[in-house]
Structures are given as structure tokens and as C-alpha cells.
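> Bring the two chains, given one by one in their own frames, into a single complex with the hints.
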Amino acid sequence: MSETEAPINVYRRHFLTSIGALTASVALGGALVQRVASARAPEEAVTGKVRWGMLVNAGKCVEGCDDCVKACDEENGLKSSGRSEIDAQWIRKVTLKDKTTNRTTVLPMLCQHCTTAPCVDVCPTGASFRRIDGIVLVDKHLCIGCRYCMMACPYKARSFIHEAHSDQKSWAPRGKGTVESCTLCVHRVDRGETTTACQDACTKAGHNAILFGDMNDPNSEIAKHLATEPSTQVRGNLNLNLGVRYQGI
Amino acid sequence: MNITYREIEGTSPGYYALLAVLGLFILLGLGAAMYMEHEGHHVTGMSNQIVWGMPHVFAVFLIVAASGALNVASVSSVFSKTPYKPLAPLSALLAMSLLLGGLIILVLDLGRPDRLIVAMLNYNFKSIFAWNIFLYTGFLAVTAVYLWLMMERRMNPYSKRAGLVAFVWRLILTTGTGSIFGFLVAREMYDSALLAPMFIIMSLAFGTAIYLLVLLSAYHGTGRALGDATLRRLKNLLGVFVAAVLLMVLTFHLTKLYVTQHHGVEQFILLDGGVYTVLFWGGQIVLGTLLPLALLFHPATGASRSGITAASVLVVLGGLAQMYVLIIGGQAYPMELFPGFEVQSSFADSGIAAYTPTLYEIALGLGGTALALTLVTVAIKVLRFLPLSLADADVDPHHAAAKDAA
Chain Z
1 MSETEAPINV
11 YRRHFLTSIG
21 ALTASVALGG
31 ALVQRVASAR
41 APEEAVTGKV
51 RWGMLVNAGK
61 CVEGCDDCVK
71 ACDEENGLKS
81 SGRSEIDAQW
91 IRKVTLKDKT
101 TNRTTVLPML
111 CQHCTTAPCV
121 DVCPTGASFR
131 RIDGIVLVDK
141 HLCIGCRYCM
151 MACPYKARSF
161 IHEAHSDQKS
171 WAPRGKGTVE
181 SCTLCVHRVD
191 RGETTTACQD
201 ACTKAGHNAI
211 LFGDMNDPNS
221 EIAKHLATEP
231 STQVRGNLNL
241 NLGVRYQGI
Chain P
1 MNITYREIEG
11 TSPGYYALLA
21 VLGLFILLGL
31 GAAMYMEHEG
41 HHVTGMSNQI
51 VWGMPHVFAV
61 FLIVAASGAL
71 NVASVSSVFS
81 KTPYKPLAPL
91 SALLAMSLLL
101 GGLIILVLDL
111 GRPDRLIVAM
121 LNYNFKSIFA
131 WNIFLYTGFL
141 AVTAVYLWLM
151 MERRMNPYSK
161 RAGLVAFVWR
171 LILTTGTGSI
181 FGFLVAREMY
191 DSALLAPMFI
201 IMSLAFGTAI
211 YLLVLLSAYH
221 GTGRALGDAT
231 LRRLKNLLGV
241 FVAAVLLMVL
251 TFHLTKLYVT
261 QHHGVEQFIL
271 LDGGVYTVLF
281 WGGQIVLGTL
291 LPLALLFHPA
301 TGASRSGITA
311 ASVLVVLGGL
321 AQMYVLIIGG
331 QAYPMELFPG
341 FEVQSSFADS
351 GIAAYTPTLY
361 EIALGLGGTA
371 LALTLVTVAI
381 KVLRFLPLSL
391 ADADVDPHHA
401 AAKDAA
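In order, the protein sequence lines correspond to chains Z and P. Letter 190 of the first sequence, counting from 1, is numbered 190 in this note's numbering, and no numbers are missing. Letter 359 of the second sequence, counting from 1, is numbered 359 in this note's numbering, and no numbers are missing.
Excised from the complex, chain P in its bound form (with noise of 0.2 Å):
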């Protein structure tokens, strides 16, 4: 098998345009970041109660799926799966991009941008927040040198020990995003040791979805084969995480449900939420977890491309609608100071918090993803991180050999 990578054209006003929007949203979010920022966050609609709104929604998602972007270079370089090798060039620069968009989030919504500084040069290590700091800049730059091992042709005997590497540490960095919430001993819905294996899961499905979006989109258009056999390869993992993610969900539910003091909150979640609820069966589940299930295993539209583009997009709204409510839900559900008492105060000890994310943070949110988005875009331009052809019988010999004995 030789595969050959090359850059793409990215002449065509189909290229620029696209380039065009990302940039507009980039831009928007830089001025609704810089809005925030001079005038306090009195403009957002964060308060004393949602301290961590729609930025964090967007950041905790894109940090948790650039994670699981480079689970399909994993496949290739640690458990030797030849056919995902073509693809992993691609997933170790979709990693390392979401992590970028997701981060720019994060130090764009602080109090004080400007003292970034001070986070890099002072560190209470006791604090997770500060582990991840050193695992979010680490994660990037063993990517890095995972990518440069397996796009520099002398150094590719090394690339399989730094996928190692890289996997080992994605794993590691998951498990902190997922502890900054498991955590919080504070906040009833919080404070599970399941949520870091959950934000695992969770990871791969939304990496895999992200990644065979960009797939798709990529080589749509440019016009390179993309073969069947890659997809299904590609959907079904798909399917198997959506599926796994939806057994972690429902374990984290049963385990809060089965302890009476956390009942409160279940049923604000699973009944009477309002749009917690409704988020969370409609967005999380039906729409983000057993339709898509239902695209990738139907037997037509599992093999058609605007199914599993379909799957793709619900997997990742679903996400989006997973991280609203585990994250504002959990903060708008009232923390219980005085269990077996009705609480009144003038800080908002009762009842739930309001929340109405204004549209500066769904700018920061969606500039950071454009950020994510453009960093892939123009990269595919400058190095050679596709294939020309993943066409079945270019990515694996044995289904060229198959076809042509059967």
C-alpha cells in the first residue's frame, strides 16, 4: 500500500468562501470577546448563580471532542488497524485544532483575559484547573510530535510509539475535563467519579462525528475518492461510542437516582426542568443519541452519505445540548445548604436560577469554532495532510484482493 498525500488546490471560490464565513465568525466573536471584556460580564447573560454559561457550553465541548479527534489516528498507530492509517494525519491536526478553538473560549470568557499570565506563572497544584493547564499544553505538543513523526517519511518507525504516547495522554486529559466538574462536591448534580470515564465516551463520539464531518466536507470538495468501505468503517465506530455514551448516561442517572438525596435534582432534570428536560430528552437523547443510532445501523441510510452526514450533525447537536444541560442545568438547580428546609433569601438560596445566553457568548462560542474549523482549512492547503485517493482499493489491499476474487 503507498499512499500518496498531497495539499489541497484550495483555489476554487468555494474555498475562499468558506474561508470568508469562518473569518466573519472569527471577527464576531473577537468583538463580542472584546465587548465582554471592557464592559464586564453584567452584559452576558451569567450571574451569581449560572457563573459559567454558553462560552463554557461551546469550550468544554470542542476540548472534550478534540480528544476524541485523534481516536482515529489511535486505531492506526496503537492498535494497528492499516486501513486508519491514511487517516490519521488528519485526526492528530483536527485534535489539536479543537483543543485550540476550545481554549480560546475558555481565556476569552475569564475576568481578567489580560492575566493569563499570571495563570501560566502561578499554580496551586491541588486545583485540577492547573493540571489541566499543563495537560491541555501538553497534549499539544506531543500531538505535534506525533504528527511530525508520521509526516516525516524517516521518522514514521517512530510515529507508532508517540501515538502511544498521545493516546496514553488524550486518555489522561480527558479524565482532568471531566474531574473539573466530578469534582465539586458543592453541586448536586456534580460530584460523580463517573463523569470522567462519561466525558471519555463522550469524547469519541463527538471527535468521531466532528471528524467524519470535516472528512466528508473535505473530500466533497476537492473532488478525491473517498471509498465506502472507510465510512463504514468510520460509522459504525461512530455508532458503537453513541451507543456506549448513551449506557454512561443512563448508569449516571440510575446511581444518582437510587440515592434519595439526590432526587431533587433527577427530577428537575428528567421531569420538570423546562428546558433542561426538554434539552435533555429531546436534545441529548432522541435527536442526539437514538436517531442518529437508528441512521448509522438502518441498513439505507447506514450506507448513504447524507445518512451518515445526517448522524454526524445530530451527534454533535446532541453534544452541544448534553454539555447545556449538564453544565448551566447544574449550576441553575439549586444547591440544598438546609436539606428537609423551604429556603428564601435575597441571593437566590430557592428555586431555580434563571439563564438566557445572550448573543455575545454564542458569538465567543461559535468564533472558537471557527477558529477550530480555519486552522484545519488552511492547513490542508499548506501541508500534505489528506490523501489524494481513499478510494477502498487505494486504503486496503485485502478489499482490492476480496473484490477481485469475489
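Extracted from the complex, chain Z is given alone in its bound form (with noise of 0.2 Å):
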């Protein structure tokens, strides 16, 4: 009996062995398939299920740093003409003194990203638009250089494009006339990225002052910290629902 057990045993044990093999490379596998197919292919619509945002806490910006605003330029190719009130500035720093106190507070001022954005509301060809993931863009083959989104912004977070600009990049054209700002980085985005130009070199500063995410996903750093911890939006009385807010000021 237990010579004839004994193939069988093995046998089943083999069996055994492959079925439990083949159901963890499956529910695997699976959870690959499914996380590529959650991950959105680049020929797909931005969904309204995300919310891109940014938190940016004013405690840990640094006095004298302006990291954010070099790799800024860095990665969309912004440059200096030489004279500071034509040049673009997606984002700038700013310091703040109390006029009671003479505390003094720096941050990084950038496009706020809007929901219901004054540029977009202005602008007469629906150059300024904002994707239903909550990034604020100028449509660069659409904007005639009117000019009016500059004037109807309350965060001067637009610039134009007073000359012309070679060496550009490629995800961030910058014709001659007309007008640009902040894209939430769109470019990494839409590669699948999570983090922005800005971001990366304030964490690599170690001042991690800015955060980059999905505000909507209550699993996100950005949303935790939001749910958990006080925040600000500039100039909050406008009731604009920022997607860029702010700590420590």
C-alpha cells in the first residue's frame, strides 16, 4: 500500500504545487493588468476622478532658496532677457512682512490653478481652459495675444511672450505673442509622473515645502495632509477653489 501511496503523494504533491504557482502568478499578474489598466494611456481623456493639486507649506520654505523657480525654467526652457518685467515667471518667490509684527514669510506664487478660473472666464477664444483634472492651460494654437487673461487674473500668475525664443521645448511651446503660465508640469503628467520640476528640487534642497498629487484620492500625501492639517487659499474671499494651497501663512 504505501509503495503505491507513494507516487501518488508525489504526483499530487506536484499538482499541488503548480495550482498554488499558477494562482499567485495569476492574481499577480492580475494585479499588474490591472494596475496598467488603471495607469491612463496617453491617447486617453483626463478623467474628473482626479484632482491635481499642490501644498505648499510657507513654514518650510527657505529664505534665499529660489531652487523651485530655477528648475522651473530649467524644464520649460524659460530664459532671461535681461530685463525682469518682460521676462515669463511660472513661478517666483515671495516674501511677506507682517506690518504689525514684521514677521516675515517666504513662499513660491505660482498659477493657483482655479476652479472656476478668472483667465478662463475672460479669455474671448477659449485659449485659457482648464482640463477636468484641474490644470489651468493656455491653448498656444488658439490665444491671439489679447492679453485679457493677464488683466483678470488676481495672482499675476501669467506672463507674454514679448519676443521671440529659440531653443524650446518641445512640451512647452513659447510663441511670440502669446501668453503662458504654470502647467502643473502637465507634460510629467501625462507621462504618468507624479511629481513636479518644482518639487523635486525643493525635496532635493531638503525642504520638502512643496507637494504635488491628486487631491481627490483620500489615499494621497496631499489629501491626508489637507484632511488632517489647516491650510489657506490666497486670496480665499474670491471663492475660487484653488488647486494650489497654502500652510503657514
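Derived from the structure by calculation, the hints contain no laboratory data.
Pairs of lysine-lysine residues, derived as DSS-like cross-links and limited to a Cα-Cα distance of at most 25 Å, are as follows: (1) Lys140(Z) - Lys176(Z); (2) Lys97(Z) - Lys60(Z); (3) Lys169(Z) - Lys79(Z); (4) Lys126(P) - Lys140(Z); (5) Lys99(Z) - Lys256(P); (6) Lys60(Z) - Lys224(Z).
As the structure is a computational prediction, the values presented were derived from the model and not from experiment.
See the structure below:
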């Protein structure tokens, strides 16, 4: 009996092992397929389930450091013309001094990616638009260079391209005579990346003042911070529901 | 009353000299526009802080004045004042010409004027700018029809109704122009519904002043009769409009002054804004309002043609000063992103933004103005816009009767 049982046991052991391995592979593969399927393909439309946003902790932002500005310039091919009043600044460092207490705060200012963006409202051709995932952009084919959006933006976040530029980045076309502003590194977002150039620079400098992410995903780092810590919107009285939130001001 | 309209002869050296001077300004304006377009806006005084500059001062002034220039025709058609009837065709012509002059400046100042077709094919109807494209083109169409009904004798009975449509349209148009600024919540100087009615009243003053200047020049140049009673009516109208603008300006600033949030911008405009304060008090209020009012209502200067001419020129200059203070001054004053804080940045978040208009911008503005005047100068030579005589007895039979009785 025992002699006849042995081969059967071996067979059963092999069989069970194979089944186990197969189940594990299917499960793992399925999980992988699931992950690939939920990541947005380049040709797939963006979804409103996502709201890309940014949390800036002014308490961690360091005076004299402008790594985020340099990184943005580098990432998007912004170069100085030597005349600061016509240079594009998608992100800028702002120093605030409380008139009563003299307390000083520094923070980066950029397009706030409003839900009801005044630039989108006033644009006559619809060149200023808000993607359903919360990113406010300029359609470079539709912009006629009227600059009404610059008049309307409550955050002075937009720049006009005053002269021709060479060596542009393919993802950030900068045609003379049109308006531009922070894109929340939309080219990275569309490649499936999860950080912006300014955030990377701030992290690299060890300050960690900038956090980019999906405000709608309760498991995202940014949503967790926003849900548990106080934060504020600049010019919140305008009720524009901003995509960029601040702490420490 | 039988008014005869005739083309002007337009063969005098003076006529050709006028056309030559206007043509020169148009060429200079076109050259400036081409240079700005080729080089980019870095050759202008405009920047990321002052995004609308001198061209917009001229353009908005001309567009506002255009709707006001139609007022003389409206008084005739809508309010049935017979003595204004002979003045109506020139009024409609001037309205269309001024609007075209203003629009061409706006278009040539665009970052991409070559994309005008994009603006014609893509509309965002939440934008007051998009609305204005229809209001402006519609105004040209409505006024053209109105003009035709007035000038084609068989169609005269319909001109009153067209005049009413044009009158309502011009009120909406100026409301739209004022709302370009009124809808801007971002900036302290704007964001006020008062700007819409203020622009309507400003249009009446600017348009009537330009109308008076064109009328006086045309009748002086052609040697045709222009009665004192006609002039007196128009100058009184101008005086009332200028006073009404003063009232609106007073209300505008008083309502701003009542709100603590706006004290900064008011202090900037009224007290320590440098060139803007000088232009407000010296240009807009003294030269553009008080002096013309004195000239128009003083018995001596009010009855003299040079007095009325001087007052009209001053109203135009004061209007340009008012536009400069509103458009450039409103942008020069920094936006308050962080109330209660002193702000410093590399992007001029603090302090007053500097702006010096370049010759190119001024040339473009003057070019558009010259285009408007050229259109009028040529039109009155080819079509019958001007009555042969505007002598008091010809214009108003009652006037003659009253004089006879006396």
C-alpha cells in the first residue's frame, strides 16, 4: 500500500505546487494588469476623478533659496532676456512681512489652478481652459495675445511672451505674442509621473515645502495633509476653489 | 423745412493737405504696428505688469467716443428734435469711423494679429470680449442700415425705428466696453458695476466734443453756413454731458473711498500716484472738466466759436487723460494678494509698476485716430452727408419765425 501511495503523493504534491504557483502568478499578473489598466494611456482622455493640486508649506520654505524657480525655468525652457519686467515667471518667490508684527514669511507663488478661473472666464477665444483634472492651461493655437487673462488673473500668474525664443522644449512651446503660465508640469503628469520640477528641486534641497498630488484621492499624501492639517487659499474671499493651497501664512 | 445735402467739393489745397497729413499718420501707425508685430512687444513700454498700454488708451477712447458720436442722430430720431435732423447723417458716419479707428488699433496691438480669424471662429460666450466682437460688428451693421434709411429719401419713414435700434445698441455696446474693466475682480481700480454707466456718460461727452470739432472744421473749411443756434444747442449738450461725467467720477471715487479695502488705490490716484495723480487732477478734472465747463457756460466764450472749439479740444484731451489714469493707473497699482503684508518678489509684486509709452505705441494710437478722420474726410466728399446750409433759418423754421416776429 505504501509503495503504491508514494508515487501518488509525489504527483499530488507536484499538482498542488503547480496550482499554487499558477494561482499566485495569475493573482500577481492580474494585479499588474489591473495597475496598467488604471494608469491613463497617452491617448486616453483625462478624467475628472482626479484633481491635481499642490500644497505649499511656507513654514518650510527657506529665504534666499530659489531652487524651485530655477528648476521650473530649466524644465520649461524659460530664459531671461535681461529685462526682468518682460521675463516670464511661471513660479516666483514672494517675501511677506507682516505690517503689524514684522514677522517674515517666504513662499513660492504660481498659477493657483482655480476651479472657476477668471482667466478662463474672460478669454474671448477659449484659449484659456481648465482641464477636467484641474490643470489650467493656454491652448497655444487659439491664443491671440489680447492679454485680457493677464488683466483678470488675481494672482499675477501669467506672462506674455514679448520676444521670439529659440531652444524651446517640445512640451512647452513658447510662441511670441501669446500668454503662458505654470502648467503643473502637465507633460510629466501625462507621462504618468507624480512630481513636478519645482517639487523635485525643493525635495532635493531638503526643504520639502512643495507637495504635488491628487487632491481627490483620499490615500494620496496631499489629500491626507489637507484632511488633517489647517491650510489656506490666497485671496480665498474670491471663492475660486484653488488647486494650490498654502500652510504657514 | 427742406434741407439739401451735398457732397463737399474737396478740391482745395487745404483738403488735399489734410488728407496728406492724415495719410502720413496712418502710414506711421502701420509702420509702428508692423515693427511691434515683427519684433514682439519687448520694443514697447508694455510689460508683464502693464499689459495694456497706450494703444488701449487710444482704442478704448475712440470706441467709447464712437457710440457717443451717434448721440446727435439719436436726439433727432429717438427724441424727435427736428433741429438735430440735418446733423444726423454726419453723426452716424462719425460713429462708424471712430469705431473702425479704435478697433484697428486693438487688433494691431494683439500679440498675434494674424490670428484675427481665430477670434472670429472661436467664441467663449462667458467672455465680455467675445460679446464685444458681436456688439462692435453689430453696431457697424445697424448704423450702416440706419444711415442708409436716413440718406435714401424713399426709406426715410423707417429711419426713426432704425434710429431707436441703433440707440439701444449703442447703450449696450458702451455697457460692454465699460464691463471689460467692470468685470475684473482681480484689480482694486476696476471691479465696479459703476464703470458701465460711467462709460456711457463719458461716451456722450467725448462723442459730442469730437462731433462739434468735425462739424466746425467741415463748415469752416467749406465755407458753408453754420448757425449760432445749432452750435448753442450742441455746446449746451456738451456742457451737460461733461458735468454728468464729473458727477459719475465723483460717485465712483466716493464709493471706493468708503471701503477701507480701496483706500490704497484711492490714495495712489488722488494723492501720491505721481504722473497718475497729475493726470487725474490736472488733465481730467481741471483741463478736461472744469475749464471746458467754464468756457461753455460763460456768456462770452460760450457764444464764440473759438471758445466752443477750445472747450471741445479740452474735453477730448481730458478724456484721453481719464483713460490713461483708468487703464494704465489701474494696472500700475499693485494687486493686493496678501492684505496686511508688505510684499517683495522678483516679479514686481510690490511697488508701482513703471510704464513709459514708446513712440511706436503713440504712433499706432494716432494712426487709428487718423484713419477714423480720413474715413470721414473722404466720405463727405463722395456722399451727401452734409447739408448745404445749417443756417438757423434753414434748420429750424420756428427760429426764423421767431426772429421775424421779434
